[in-house]
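Below, each chain spelled out in residue letters.
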Amino acid sequence: MTHRHTTRNTSRAAHTETDRDAQSQLDPGNSTPARAGAGRKGFGGPDRASTSPSGDTAPATLTPPSALTPPSALYRHLVARLGESARAWLEQALTEAAAQPGIHGPISTWELRIAEAGRRCGPEHADAARVLILHAARAGADALSRVYFQGTAAERRAVLHALPHLVAGPEAVPLVEDALRTNDTRLLAAAVGPYAARHLSPHLWRHAVLKCLFTGVAVDEVTDLDRRARGDGELARMLADHAAERTAAGRAVPQDLYRVLTLSDPTATPPAPAAEPGVRGGDGKES
Amino acid sequence: MRIFDPHIHMTSRTTDDYAAMHAAGVRAVVEPSFWLGQPRTSPATFFDYFDSLLGWEPFRAAQYGIAHHCTLALNPKEANDPRCAPVLDELPRYLVKDQVVAVGEIGYDSMTAAEDTALAAQLQLAADHGLPALVHTPHRDKLAGLRRTLDVVHESALSPDRVLVDHLNETTVKEAKDSGCWLGFSVYPDTKMDEARMVAILRAYGPEQVLVNSAADWGRSDPLKTRRVADLMLAEGFGEDEVDRVLWQNPVAFYGLSGRLNLDVPGTDATHEGNSILRGGA
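Sequence lines, in order, name chains A and B.
Just so we're aligned: the first sequence equals residues 78 to 364 in this note's numbering.
Just so we're aligned: the second sequence equals residues 3 to 284 in this note's numbering.
For the record, the hints were derived by calculation from the structure and aren't laboratory data.
Careful: at least some of the hints might be erroneous.
Said to hold, decoys possible - Example chain B residues on the side facing chain A (calculated, C-beta under 7 angstroms, incomplete):
#1 57
#2 61
#3 100
#4 259
#5 262
#6 264
As the list claims (entries may be wrong) - Pair ranges (Cβ atoms, derived):
#7 A/258 x B/17: 12 to 22 angstroms
#8 A/217 x B/4: 40 to 50 angstroms
#9 B/131 x A/161: 46 to 56 angstroms
#10 B/242 x A/314: 51 to 61 angstroms
#11 A/189 x B/118: 23 to 33 angstroms
#12 A/160 x B/205: 20 to 30 angstroms
#13 A/329 x B/159: 53 to 63 angstroms
#14 B/173 x A/217: 57 to 67 angstroms
#15 A/165 x B/251: 58 to 68 angstroms
Note that the structure is a prediction, hence the values are computed from the model and not measured.
Virtual Cβ for every residue (Gly too), placed ideally from N, Cα, C.
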């Protein structure tokens, strides 16, 4: 494999460690509620079986979360599942991107590849392919902004997943803020990943969590939920108020709300019985 | 019964319509970009609209178990406003998107020189991007408009079997069929076809390369017209296979020419277990 995308600077030990982390997220036995993880719920639906030409018996239905998986592991996962022509297309796309990184003219060659990744690799693999192409093109905040704002919803989601791999500082926060203003739950779920965990201000982060509850995005999608929610009295107040508002309207309070409330304020008393699992936090309508 | 509405402007419809369409059997739609009623004055508003057809609208459709694709173009009416013409320069970056299954709606409104230019340029864009074209035929001076449209198609790089001429009726169907193009009929109260006339045309000309759409939009229109045509076809003695051909297989074949049609409804439930209810359990 001559692939230039592999993370070469990573020490063997660290590499193994991160791969194990990524692998653990593929194991349904490790995933609490069955829908944990963002990236695998690809455009083609969450439970689609991928065919594995290598006869790999790993849970093929689960694509590793693009935002949480090191690009090298994502690459290995993807090439093991793509058919021959899709694999060849991906290799060429990555080679082109690495040979001419950054943005060129009205649209760079690798940006064209980003656009067509769904039909070339299959919608269920498009997220991973797009993240890998962005990584190969060494896209910085400027390039990521262009791809995001010129992208379809699927492309925007891939950019959000790529942020933790490509942007060290807070300069891409406006993209996360844009996604959090939408009502598209696929974008919202992608927006609350590791990059938001690192860089979103406390106020915006709290509103992001509340919006997840409101629109029915599972809080499992929120990276570092435990760390950021712990002892956050303002978040606890917002959650309690939201629960009170739903209770006053005779609506069920989503179980996720109690989970976060307990993190933010272990002494909080639930104001009403929790809803059955699966009850939406809201109707997705915010306007 | 499975229904593919090959021309409907969901941007102008409510979410209740999506629920009713799903209940009626609609599982796939194509939304052509068009005129919004209020003339636009700058390219930027087109781009927001195109972005919506590639972002928000497919998400809304998926919540109701309906696959959503679009066709993008500078529409004939607004092609006449020089302030909007720069849209043509930006179209290439949109025509590469996964969910774009044709260039459209293009064609004639008032048959002006600016419309000639935009139609020819966009047929070429379709050829360049491996896409078929959805061609609107004018509502005024329709037969002359059809003939001029077919002339431009024949002079273009796109072969007629990659062109759908839409809004046909009794006066235009024969020449359109003789051209080798795909045949689109909009079943739309007051101004276009109705169910009984549609069934009569199917009886006279057969179901080959015929697509029936609701063209539902902000006008007085009905997003369930596709189902009503299907029901009348059955009542009038057409078989279920013929209904499926007109209302599913033909649109799949035409838009499938793009190589980009994906009829699996994308999951919106990245997130959430209750979603299968919203998706209608489909």
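Structure-based check of each hint:
1. 57: At 4 angstroms from the nearest chain A Cβ, residue 57 of chain B passes the 7 angstroms test, so the hint holds.
2. 61: Holds. Min distance 5 angstroms.
3. 100: OK, holds: residue 100 of chain B within 7 angstroms of chain A, min 4 angstroms.
4. 259: violated (13 angstroms)
5. 262: The hint holds - residue 262 of chain B has a Cβ within 7 angstroms of chain A, the shortest such distance being about 5 angstroms.
6. 264: holds (6 angstroms)
7. A/258 x B/17: 12 to 22 angstroms: holds (19 angstroms)
8. A/217 x B/4: 40 to 50 angstroms: Taking Cβ atoms as reference, residue 217 of chain A and residue 4 of chain B lie about 46 angstroms apart, which means the hint holds.
9. B/131 x A/161: 46 to 56 angstroms: violated (25 angstroms)
10. B/242 x A/314: 51 to 61 angstroms: holds (59 angstroms)
11. A/189 x B/118: 23 to 33 angstroms: At 30 angstroms between Cβs, range holds.
12. A/160 x B/205: 20 to 30 angstroms: Because 44 angstroms falls outside the window, the suggested range is violated.
13. A/329 x B/159: 53 to 63 angstroms: With Cβ atoms ~58 angstroms apart, the hint holds.
14. B/173 x A/217: 57 to 67 angstroms: Roughly 58 angstroms apart at Cβ, these two residues keep to the hinted range, so it holds.
15. A/165 x B/251: 58 to 68 angstroms: Given about 32 angstroms between the Cβ atoms, the range is violated.
Figure legend: structure checked against the earlier numbered hints; hints not met, in rising order: 4, 9, 12, 15.
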